[in-house]
Amino acid sequence: MAETGGSKAGVAPSDRCAIGISFGNSYSSIACTSEDSPVVIANEDGDRQIPTILSYVEGEEYTGNQAKALLVRNPNNTVVSFKDFLGQDFPSIDPTHCHAAAHPQDVNGTVSFTIQDKAEGDASTLSVSEISTRYLRRLVQSASDYLGKKVTSAVVTAPTNFTEKQRESLIKAANDADLEILQLINEPIASVLAYDARPEAKLEDKIVVVADLGGTRSDVAVVASRGGLYTILATAHDYEFSGVQLDKVLMDHFAKEFMKKNANVDPRENAKSLAKLKAESEAVKKALSLGANANFSVESLADGIDFQLTINRLRYETIGRKVFEGFNRLVEGVIKKAELDVLDIDEVILSGGTSHTPRIASNFRSIFPATTVIQAPSTSATAINPSELQARGAALQASLIQEYESEDIDQSTHPAVTTVKHITNAIGVISLSDDGEEVFTPIIAPETAAPARRTIHIAAPKDGGNVLVKVVEGGTHIKVTKPEPKAKENGTKEEGAEDEDDSDFDSDEEEEEHREKVWKIGTTLAEAGIKDVKKGGKIEVTINVAGDLAVTITTREVGGKGGVRGTLKAA
Amino acid sequence: MATVTTVTRALPALPEGWSAEKDFKPISSITASTQRTIEPVGPHFLAHARRARHKRTFSEDDRIQAQETAKNIEKDDESDESEPEDPMMLQREAKDWKSQDHYQVLGLSKYRWKATEDQIKRAHRKKVLKHHPDKKAAQGSTEDDNFFKCIQKATEVLLDPVKRRQFDSVDERADVDPPTRKEAAKGNYYKLWSRVFKSEARFSKQQPVPSFGDENSTKEEVDNFYNFWYNFDSWRSFEYLDEDVPDDNENRDQKRHMERKNANARKKKKAEDNARLRKMLDDCSAGDERIKKFRQEANAAKNKKRLDKENAEKQAKEEARLKKEAEEKAAKEAEEKAKADREANKKAKEAAKNAVKKNKRVLRGSVKDANYFAAGDASAAQIDAVLNDVELVQGKIDPDEIAALAGKLNGLKVADEIKGVWSEEVKRLIGAGKLKEGDAKNLV
Ligand SMILES: Nc1ncnc2c1ncn2[C@@H]1O[C@H](COP(=O)(O)OP(=O)(O)OP(=O)(O)O)[C@@H](O)[C@H]1O
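Protein sequence lines, in the order shown, are assigned to chains H and V.
If you're matching positions, the first sequence starts at 1 in this note's numbering and goes up one per residue.
If you're matching positions, the second sequence starts at 572 in this note's numbering and goes up one per residue.
Just chain V, with the same shape it has in the complex (with noise of 0.2 Å):
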């Protein structure tokens, strides 16, 4: 084609890194095709096939290769292989035409509700072509077109959905019977049931129907299927059964009270319909051997919960008691510990206290030894006034500071001595501003 589509998205940008020779990287080859035959018409044809001669002369055997090769679309008829037909069928009057099994005149017994509306059409027109009463002149039969009627008829039900459907309500022949309990028991059951449950879908007005499954389906699954099937949604109805209704003007209340009767046998056929889902679903249950491995297996999981949930509790009580014994033991150490602290801490501040006592009476000592710094015998006041001395220096320092000066003077006893170290100790005091100059003068 000539012409260019512009598209206004935008391509996107190249990857950092790509690299390809010449800039282009070839993947892959475009997906299988289908050869498929082109019309040789219009213009555009007349191009192609200028092109696709190229002078040259094609023959018989290039048309039927080619031929064969191409998908051919018109191919269906054969598909259909005929079913024979039964000489009472054929033998049958038009007007029993509610009695008729349609499918069976049509030849689609085996396919009944499954039958798609093209395999009708085309099952109509082969009973056509083969009972019209024209192509019976020509066999030389008399001209009974009854069956060609019949024919008629079935195909007028079966085209018409609405009156397919009724037909299809009532079509026994599609129905498949449950199995009984012996032979579900044989090993069967799930392909038994499941055919009998394929059959009875065909009256969902939900489509797809979940289907029956086999042991292997899980539990949800199984739980769908059942749930579906109890809330079934049935368009099964039962108009096809009616008594014929006079259609004349003149009765009517005859036709009234037949309406009326035909409208209860609808209502009680649908209502036994029901029932009689419903205790299928029910027997099916009850042997269902799904059901009761789930059964098992929940309860298993319940007594699992339980003795599970147990258990957690007696832990949870142990822990709890080990925790609150830890707790009482840790509580009990503190406050034996506090005790003991207590106690140390008394006995050193004791020790201390006494440690400076016994430090004060060095210190006291010492002064005596040095006989108060007197020349002789102290007087009263000499002795008062150095030991008053003593006391403010000992006020004016801590209890490390008193045991440094009783290290320094234990043990002096001359007195010159004892004197120097007191007199450098009221000296470093009066250096950190702690004495007066003047003050403890009779130390110095």
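Bound-form chain H, shown alone (with noise of 0.2 Å):
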């Protein structure tokens, strides 16, 4: 899994120069830390977001936004897409992407390419590994140049799901390209931590789901972060609602609007007309999550014939509505798999390019209580650009272990380090509310990871004395309340058939349930008391769970002697 640390190619500490690199299928990104904060690089171009795109022309290299502009005349010797081939053999890779471009090969059982990469001669039959090394290779040159030395390594994220192999077949491309990879890191923990890498953030117990929305693929992930310790809980993947399927949308959209002036000219049937639909129509979407309006407008489209349309959000939000609802139901899904509900979630991080669109973090916005963060450009002021989230994340885990060795990273890494207990349920105390109600107060929060250890000061009783401190472990469940049926409008107030009659009538639509998230006191574990509290004195309660789940349990007077302290024994 995400343990693959360390390479044969191993740079002494001493002598790296370590990035941080989000390799995706539509675009990469690269980054370096400056003063412990992350900056991402800008390619020669002047690009942050690097199409994940090689293209030979009369063998000439080009990447990035230079090689996506050959998609048009160039589209068999440029390679788009190819990331996730890495590591696969033929059988089990999915082509659609490479449609308009060179597309996949099976060479015995490698998935390659054929290219014409050299001014002469004839064409190279080049895996996807030769690909992946230079395209790496480029993203590399551009970092260096940038930092005025050789980057020597680096931190790349990789989907959840990648496996063994592919991990592995990444390494090696990398390798290739003479770049140490000090570690592959999961891309949604890479956001997060892009995010609580920031100073002003502070270290909390909570629930994240990470929306990673791509252009060829989406990715959740549910993700507990107990005290900087990151424990993902669910995953989801998505080939079929991603930021190409809004491209299409849009695509459609002004393919009907051109035929409907141009009857029987479909810019969708000639391979050169629907390069530069599809090339002016993700231009058009990106410019749809900053303004209002968009143009769109390309020479010669189809048969000569030039065109140009005006596009409004509002009509784009419509038009794309079922790529929108997709969205939804799979972050809703990937919470219900995590067996949680999004009352459960305090924070959803928006990630990946598709994320910039405004309607999709809305859309969030109205599914979670109004008490989730939903870091996106549209919600929130303070978030991170979306596009930039695994980048920065792995620039700022490559700074934190540029300076051990690779077997040292490789042994902190290695999975029984990584592998560990987590509790089930939350660990707290019993208050009284304010009407003397048992209340349970959590302290230690569930799936935190063993050993761990947290502390609570919480009140006496109000004259202080003895105390009881009621160590019990605790539950959540969804409290659902159906509202009061409403007063009549009409003013008639009376009581009887009528009313039954009119509330039946108008419960479909107005009837909004209010779900709230409760705590319910479970096995108790332990009591301890404390005597003769001062009056208006505060109780320390630490709770300290071992690695093989032992407790020891701490508690005293805030500013008093002695204390008590007791020990339950693992189960």
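Hints are computed from structural coordinates only; laboratory data are not their basis.
Warning: the hint list may mix true and false statements.
Unchecked claim - Here are a few chain H residues that face chain V, going by a calculated C-beta distance under 7 Å:
1) His103
2) Pro415
3) Leu432
4) Ile456
5) Asn466
What you are looking at is a predicted structure, and each value in this text was computed from that prediction instead of being measured.
Glycine included, C-beta positions come from ideal geometry on N, C-alpha and C.
Hints given; two lone chains; assemble the complex.
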């Protein structure tokens, strides 16, 4: 899994210059850290989102937006959307997104492309590994140019469902580009780290959903963040709803509008027209993330006919609704898979290029309770650019580990270190509500990795005296309250048969039920007595769960002497 | 975490009499845990790793062992076994998509409306991996992408909730036919009809749908079931079977005509479907032994109620009669008693009167016996005076005193003795203030 660290190309820590790379099927980014804060590096074209494309014209190699532009006149020598093919044999790849570019081929099971990469002579058969090496070499070159020294090493992000073989293959492709891989880290975790590493971030226990909406795939993960340790609880991967589907919605829209004026000329039927249509549609889509209107304008779209049309955001949101709703269901589905509720989610991080779309963020805003933070440019002024999150996270991780020997990194990321017990239920104490009812007060959240230690300060009874610290487990459930039937509007407030008819009548629409998360008191773990607490005193309770789940409870009056300490054996 | 959370809600007071060794009472261990993988990322992980490693070196074996125990969050695909592909299906033309079984195309025949969105997505991907034209080309076959297009169409329909409902509405392959009377009679009545309603339930706007139950269902459950189904609110609709409407602007009239025709056809099919469901319910309920049983039970209960009522009435009547009789008897007895009392009273009064009379005679007789206290023959005046005084004394005392006085006088013959009694009486009366000094002086 994520632990594939180190590489045989091991570079001595003192000789290292390390960066972070997010390597996507559609776009890649490179980042370094400057005084501990991450900086995403622009390549020689000034791009920070660098299309993951390699193209050859007359022996000249192009990448990024230059290569992307070549899709119109040089599609067969242009390789796109190849990253996921790494480490896969031909039968298991999905060639769909290579449709308008070089097609993948089966060369003895290895995924390869036939490319005219030299000015003269025969075309070459290049494996996806070789293509990746060449592309990564260009990324590293851009970073080295920016930093003014040779980049030797990198932390690279990978999807959580990348197999061991894919990870090995990615490392090999990088090594072949003379790049040491310090560590591959999971994409959603890179995004979480990018947020958590901000100086203003507080260290809190929280459940985070990372929605990584990219070009060819959407990946969602539910992450428990406990004391700065991250555990992925559930993931979902979707190849049906992503950025290219939104491009497609716009392509169909503009093609139909074009055909209204030019009957029988479908720009989708001709490869070159299709490429232009696609490129401009994507540009329009991005423009609609910022402005209320965008202009589609292509010279000689098809049959030599120019085409120009304005679209507003509302229109776009209407025709793209099915895709947007697909994102909603994806996110709701993965939360269910984690056996959680939207009410359990403290934060939603929108990551990936498609996450710039305001509509997606506002849809999420309405799915989640108001207390959930939605980290997206259109819902939060302090959100980080979703396209940069992964590269930033990777760069931060690179700066954290670059001074370690690769052997050391290997051992630290070993499954024997990363596989640990996680407590199932919350652990806390019983306190009293204002009306004297027993309430669970959590101290350690569920799904916290052991060992773990948490402390709270909690009020003693008003008049002090002897205090009971009752340590229990807690669980949550969702309490649903149906609203009271509303009073009738026409003023007649009598009760009786008439009323019943009425409520029956409008029950469908307005009955918005209220849902809230409430704690349930579970098994009692221990009781401790604190004697003679002074008036207005406070009690400190510390719970320490050892790696084997033995529990040590220490409690005392804050500022007082002595205290009570006891242990619970591991089950 | 270094930070300390502060809670303002107060802890409870220690209950009276609570005690424990060193003030700590361990009660139970914490609930079993899950082995999970923490992400080896971020500054806090480095601290964890430092603690966990403790200068140990982990081997490949350790890796395998640890990975085996950790909960895997990425497993899913393996669970879907693949459905054999019908060669006839592979020959399909994409343009005939309307008549295509989208579930079969994606290898989800078994699941149909039950397939989750996730299943559909995974099934689609699996089919793409196999049938993408580039894959075909690699296998040396011709660039026939017809079936690939069928796959795309199936996915387009099934991943669009609106289109999927339209298709599911007319997906008869998911229907479960109602059992014939013969089949139902074989003893599988509940199982067979359950299946029918479970399948029918997919069209319900309201979920969950009450289940058919079995012979042990309560009357309430059965009532609830039929109520629900006789008021079934179905989302089933029939636009999927529309005839194609011409898509050009020229033939406006024809277009409108087709649209109207389609709308009518949908309405008709919907009405037929409602009728079908109603008939099915009628058939089902007609054979439902539970309904019969409940009716009989209800009848029995009703009869019992009537009998109970009659009995109660009879009993009440009898009780009333007995009560009345008893009352009458008591009244009569009381009357008789009163009468007897009255008579006894009268007798007693008469007896008392007689006794007084008799006693008075004794009193009077006594003075006569004492010769009116005269020496020699008593003069008329003397007799009168003495008798008057006797009268006076008699008038001052009640019958009991008269009787007492008579008792004292009775049998006395000697004049002095008689006089002594009288004189004592008069003195007593004067002492009691009933006579004045000097009254009845003839008796003293
Ligand atoms: N401002 C924007 N508004 C809307 N969409 C955008 C914007 N910027 C980029 N995108 C879209 O985001 C997608 C690329 O996302 P990202 O940069 O995360 O790629 P990726 O990680 O390579 O994706 P994948 O690996 O899934 O193909 C493209 O479809 C692109 O058009």
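Against the structure, the hints come out as follows:
no., hint, in the structure
1, His103, "5 Å, holds"
2, Pro415, "4 Å, holds"
3, Leu432, "5 Å, holds"
4, Ile456, "5 Å, holds"
5, Asn466, "4 Å, holds"
Checked against the numbered hints given earlier, this structure breaks none of them.
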